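**Q** Chains as they are written, first to last, in our numbering: chain S, 1 to 236; chain D, 237 to 472; chain U, 473 to 708; chain B, 709 to 944; chain A, 945 to 1180; chain X, 1181 to 1416.
Keep in mind that a hint or two might mislead.
If you want the ones that stay clear, here's a sample from chain U, every Cβ over 10 Å from chain D, calculated [stated by the list, open to error]:
id : residue
1  : Asn491
2  : Leu538
3  : Glu549
4  : Gln554
5  : Asp588
6  : Gly697
Taking lysine to any residue and the SDA-like style, the derived pairs with C-alpha atoms no more than 25 Å apart in a straight line are [what the hints assert, rightly or not]:
id : chain 1 : residue 1 : chain 2 : residue 2
7  : X       : Lys1259   : A       : Gly1025
8  : B       : Lys940    : U       : Ser681
9  : X       : Lys1402   : X       : Ala1414
10 : B       : Lys739    : X       : Ser1195
11 : S       : Lys79     : A       : Gln1054
12 : B       : Lys853    : B       : Ala813
13 : A       : Lys1023   : X       : Gly1385
14 : S       : Lys79     : A       : Ala1178
15 : A       : Lys996    : A       : Gly1038
16 : A       : Lys1176   : X       : Gly1385
17 : U       : Lys551    : A       : Asp988
18 : S       : Lys145    : S       : Ala230
19 : D       : Lys468    : D       : Thr296
20 : A       : Lys1023   : D       : Glu313
These are calculated hints, taken from the structure and not from any lab test. This structure is a prediction, so every number in the text was calculated from the model and none was measured. For every residue, glycine included, the Cβ atom is placed at its ideal position computed from N, Cα and C.
There are 6 protein chains.
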Amino acid sequence: MRPSSRDLDQMRTISIETNVTRYAEGSCMIKCGETHVLCTASIDDRVPPFLKNSGLGWVTAEYGMLPRATHTRMRREAKNGQSGRTQEIQRLIGRSLRAGIDRVALGERQITVDCDVIQADGGTRCASITGGWVALRLAINALMKAGDVISDPMLDHVAAVSCGIYAGQPVLDLDYPEDSEAGVDGNFVMMGSSRLVEVQMSAEGSTFSRDEMNTLMDLAEKGVGELVAAQKAAVS
Amino acid sequence: MRPSSRDLDQMRTISIETNVTRYAEGSCMIKCGETHVLCTASIDDRVPPFLKNSGLGWVTAEYGMLPRATHTRMRREAKNGQSGRTQEIQRLIGRSLRAGIDRVALGERQITVDCDVIQADGGTRCASITGGWVALRLAINALMKAGDVISDPMLDHVAAVSCGIYAGQPVLDLDYPEDSEAGVDGNFVMMGSSRLVEVQMSAEGSTFSRDEMNTLMDLAEKGVGELVAAQKAAVS
Amino acid sequence: MRPSSRDLDQMRTISIETNVTRYAEGSCMIKCGETHVLCTASIDDRVPPFLKNSGLGWVTAEYGMLPRATHTRMRREAKNGQSGRTQEIQRLIGRSLRAGIDRVALGERQITVDCDVIQADGGTRCASITGGWVALRLAINALMKAGDVISDPMLDHVAAVSCGIYAGQPVLDLDYPEDSEAGVDGNFVMMGSSRLVEVQMSAEGSTFSRDEMNTLMDLAEKGVGELVAAQKAAVS
Amino acid sequence: MRPSSRDLDQMRTISIETNVTRYAEGSCMIKCGETHVLCTASIDDRVPPFLKNSGLGWVTAEYGMLPRATHTRMRREAKNGQSGRTQEIQRLIGRSLRAGIDRVALGERQITVDCDVIQADGGTRCASITGGWVALRLAINALMKAGDVISDPMLDHVAAVSCGIYAGQPVLDLDYPEDSEAGVDGNFVMMGSSRLVEVQMSAEGSTFSRDEMNTLMDLAEKGVGELVAAQKAAVS
Amino acid sequence: MRPSSRDLDQMRTISIETNVTRYAEGSCMIKCGETHVLCTASIDDRVPPFLKNSGLGWVTAEYGMLPRATHTRMRREAKNGQSGRTQEIQRLIGRSLRAGIDRVALGERQITVDCDVIQADGGTRCASITGGWVALRLAINALMKAGDVISDPMLDHVAAVSCGIYAGQPVLDLDYPEDSEAGVDGNFVMMGSSRLVEVQMSAEGSTFSRDEMNTLMDLAEKGVGELVAAQKAAVS
Amino acid sequence: MRPSSRDLDQMRTISIETNVTRYAEGSCMIKCGETHVLCTASIDDRVPPFLKNSGLGWVTAEYGMLPRATHTRMRREAKNGQSGRTQEIQRLIGRSLRAGIDRVALGERQITVDCDVIQADGGTRCASITGGWVALRLAINALMKAGDVISDPMLDHVAAVSCGIYAGQPVLDLDYPEDSEAGVDGNFVMMGSSRLVEVQMSAEGSTFSRDEMNTLMDLAEKGVGELVAAQKAAVS
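Please put together the full structure from these sequences, using the hints given.
**A** This is how it looks when you write it as structure tokens:
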């Protein structure tokens, strides 16, 4: 019944290749099916002004899409400025990754996680969070190896998956053909412990019940479990 | 225990004054405690390009804050452009209001709902949705009275409330002192029927369990019920 | 003969409600007939760079209109940037208010007067100056009460009114139907003493004689006298 | 007593050289003492959208300053956008020139008058109006010679001069050293007939009486008379 | 003597992988040593306004760098707008690729070549041209295969290489350590036939003789020969 | 054969008038035939941040065109921002002028050379470089006369000329009718010694051989020789 013939609760194939760029302190290419996102983590000794002399660190994120990451070419944001959608997504990624960080242990430095979508087939913000965590983990490993950070500031894994109601059925990990048809869909950001960080459920031209929401959350827990396993394999 | 001495499940005083401006086809001033939002609905015969000759209507929203709606004066967005936060909020308001509309019945016209925060004490996006629905209802009443729209395009009430975990307790309808301290908070947009339209839960420097989430949703259902009653009183 | 049936030298009803917002150090809602402007005065300890360590204070103003303050909805300036008209108006308000201030007595601090038009029916810049003066007066009262300012920096009242030639007759305090038809109109900013601060007379598709100008100035003196009386009543 | 040793009612030397650029339909370099402005008039067959199929013409103006037209180099507006002051000035020039035009006789075309300040020593907006009129006159002469316009759309001369109170004395045609010290100054735009088009009087840190205003207007009439004579000599 | 131990006339290893993205009509990842550029070619049936109904096609290019393509993270252009350097580079790429196209044979359509630098180690604009040609070739192959274009509009190969004077010696294909030290460097765009399309030689804090220039051009011819061979291998 | 009837290797008439504005430390109006550029050099004691406390000076350039410098009026860049072409040109002018400067001898100060095109007939960037050098020379003369700079930081003359292939013939110093038709054209920046600083050759819809390039460089050497002679005459 799904365009991809997947089972309702079946994730797309996940692959996470680490250290894919030469300069970034941490990096990976995450592929969730045909959605490919390059994630890099860059360490900077300066923090934003509101944190100066606070002793606290900061993690922030920026998100972009190459113009031909999509079926039809989009206008380049460097020419037109970031859309509201882009800003919304990068704020979500930043908040999600900060949830997994002890900012005291990180110390007064900033890590910027750049998530650039090379190819898009739905779920780019979730892939960015899951891959962004890996890039962050590797960058912090480098800080710890260099002795710049003593106790590990990473509290737990953070990963994200989308779920939605497609053709009347609850499905896990929507691809683009499903996402563009689903009346209800949501993004679920969770810790390795399954505790929740962000829930964003949204209906366009539709509504949903609390029962449906609970079903979707069950699916999300299953999906995040598989993503966390993939993260573990990638960084070990 | 709450700074305002309210019970955990107690809303702030709600007041909705309608027809507060002279020109808008629908308008109200909604006050949720010390949060005051002026909502106007403006009808335009032209729809956005992607809907031309589709026979479908459109409802969109814009959101703004007066510079001194807050404790300390903010920079005027007209001088600096809309922030990511502003864009995120107005996209949410628009999606939420569209959930309550039959776009075929509305016909090929656009209604723009402007939500301008005169005074802010937390929960401005929720007040904007709840008040925006009233302005929209009044504008559509005018269309129906004029015979421009025959069958009522409004499917149900739409209203929104925030809930969060403050000082370890789940609380309903956060004001600013609570909002700025809460580790977890969320916005719940519901129909009059209690079916869900949007759920946005977010933790900053914290996480939450599914049990906590369910408690917050119970609170939200109670709150939205009271808001819908206030909407009914206002437009009757 | 006037659309509102007013006499040629008759002002619209003036009302000034003070302390209308919770946070601003001074505020009022001024209504000149159907023109409604919310004025707030915000105190900031920092002055613009060109005044650093000068011992002099500064008063500046910003002006905005809600998108549906007018008959037909205007584009939101936060999305498009401030128009030339907006910038011209806020520069005028700032200059006018500074004329009534002893900047040495104010001391090295800045007061920003925000004038936001809630509903527009002509004469918004004049109402902004007259109401802005009230907000400024209240903010300075607060500074004096707190002992931050010792001798009163306010030299005199400042108020403004428009006059013009409508249907061949000189009229006082133009409303929108008159303003949009008048070939000649002007804005007159005066002190409580009737001394002049700004005169801006302008003809679009027309011209005027010095005699006509003198007649308009007589009307303006009368109008400003009534506005100053209303200011006095409001702040007493 | 004046820095330039001029009499109180003495203008700076005026020179207007016509046809100074190769491509513009009308052009002149106007020099009012050390203030030099290059004015060009460009004819375009298209009118702004609000005039389409109205049969009416339009005259508009744009104003700029070369970065080193002034004592110290200013930032280039092409890099930073037009300032509020620039927009205010070009709106004034446009309104002033339109006052001298019969837009029916001009026919449905637009003339853009560009006023670029090559060197600034006070009074640049007045020189722009006076020189802009000459460029406009020459461009319209070309239209008439070509038979594109039958009856002359120019109703009268339009010229402008500044006056102010410097060191306690009313003076005509302020240069920069006077302008930067004057507590009161104004710009007066008049027709050849001495009828008024625009009066903009402004006090910064000062005020003025109606008697003083009348004295300044007497000076302005004298000055505009001399400017109109210079225009006549230039275009004959 | 070269940091990379290459011979003076030795290119970096070239690799061109084709069809690397799913949606673009043509694409490749070109690697010139550690410089990696993703090139996509997107076909659009609409041409820019100045070519409407001309029967002529258009090829244009856009260029970007991921923020962490470089040693230290750069600011994201989507947040700050394209720099002058970026605009200059994309204009060069566009002109270069158009030199190899018969715009009549292409027919009235536009192909946009996006060159996004994934990792930068000098010579990104040259790699963009060389890789951009491959993407363009593949996109045009698709047009021809579909019968949308009958006769091949590609006249010849187009490829580019940089040369410069490093440590007093003429060297081929500068990497970043050389580029940042070279007093003279240039970019040479050539056809497969060795005819020249663009020469951009530039000295910063230095100058060069015609003899030196000729030596560099000899090197460039050698380098472009190797690049054209790599292009041939890639598209065959 | 040339539209202007010049010989293939004949320059347009060159005139350089110095000290044409009152405030700039150095200035000239350069006329190359009908191309007229006003060049000013402005000295600033502050250097850009990357040179603070380096002891090194900086020379930079900005370029602009008056809207009616051209056959048909262009949009004013102050309203629309600088085009890519403008930025490319001003970067070239700056690099070229820096090639003639000993930045140690200049000392830690910045000189900004503004090149504003009053009238354009092809070759505006070359005229800007040649005239910009004169303005720079005069400004540095002033610094030396004032004793602010001891040893002359100017190493040699810098001048520029365009050459191209027009109607199949190599020609020197293209004017606009030639430039708009030429398939190949280039800009050559040289020192007084004939050593090269920049070479920018470009073909649009065409290509060129190395022999053709050598012929154009011979022409350029001849042209620059004449420009340097004109510079010498102007500053002596």
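**Q** Determine for every hint whether it applies to the structure shown.
**A** Do the hints match the structure? See the list:
| no. | hint | in the structure |
| --- | --- | --- |
| 1 | Asn491 | holds, 12 Å |
| 2 | Leu538 | violated, 5 Å |
| 3 | Glu549 | violated, 4 Å |
| 4 | Gln554 | violated, 5 Å |
| 5 | Asp588 | violated, 5 Å |
| 6 | Gly697 | holds, 28 Å |
| 7 | Lys1259(X) with Gly1025(A) | holds, 16 Å |
| 8 | Lys940(B) with Ser681(U) | holds, 23 Å |
| 9 | Lys1402(X) with Ala1414(X) | holds, 19 Å |
| 10 | Lys739(B) with Ser1195(X) | holds, 23 Å |
| 11 | Lys79(S) with Gln1054(A) | holds, 18 Å |
| 12 | Lys853(B) with Ala813(B) | holds, 15 Å |
| 13 | Lys1023(A) with Gly1385(X) | violated, 35 Å |
| 14 | Lys79(S) with Ala1178(A) | violated, 31 Å |
| 15 | Lys996(A) with Gly1038(A) | holds, 19 Å |
| 16 | Lys1176(A) with Gly1385(X) | holds, 23 Å |
| 17 | Lys551(U) with Asp988(A) | violated, 30 Å |
| 18 | Lys145(S) with Ala230(S) | holds, 23 Å |
| 19 | Lys468(D) with Thr296(D) | holds, 22 Å |
| 20 | Lys1023(A) with Glu313(D) | holds, 17 Å |
Going through the hint list in order, the structure does not satisfy hints 2, 3, 4, 5, 13, 14, 17.
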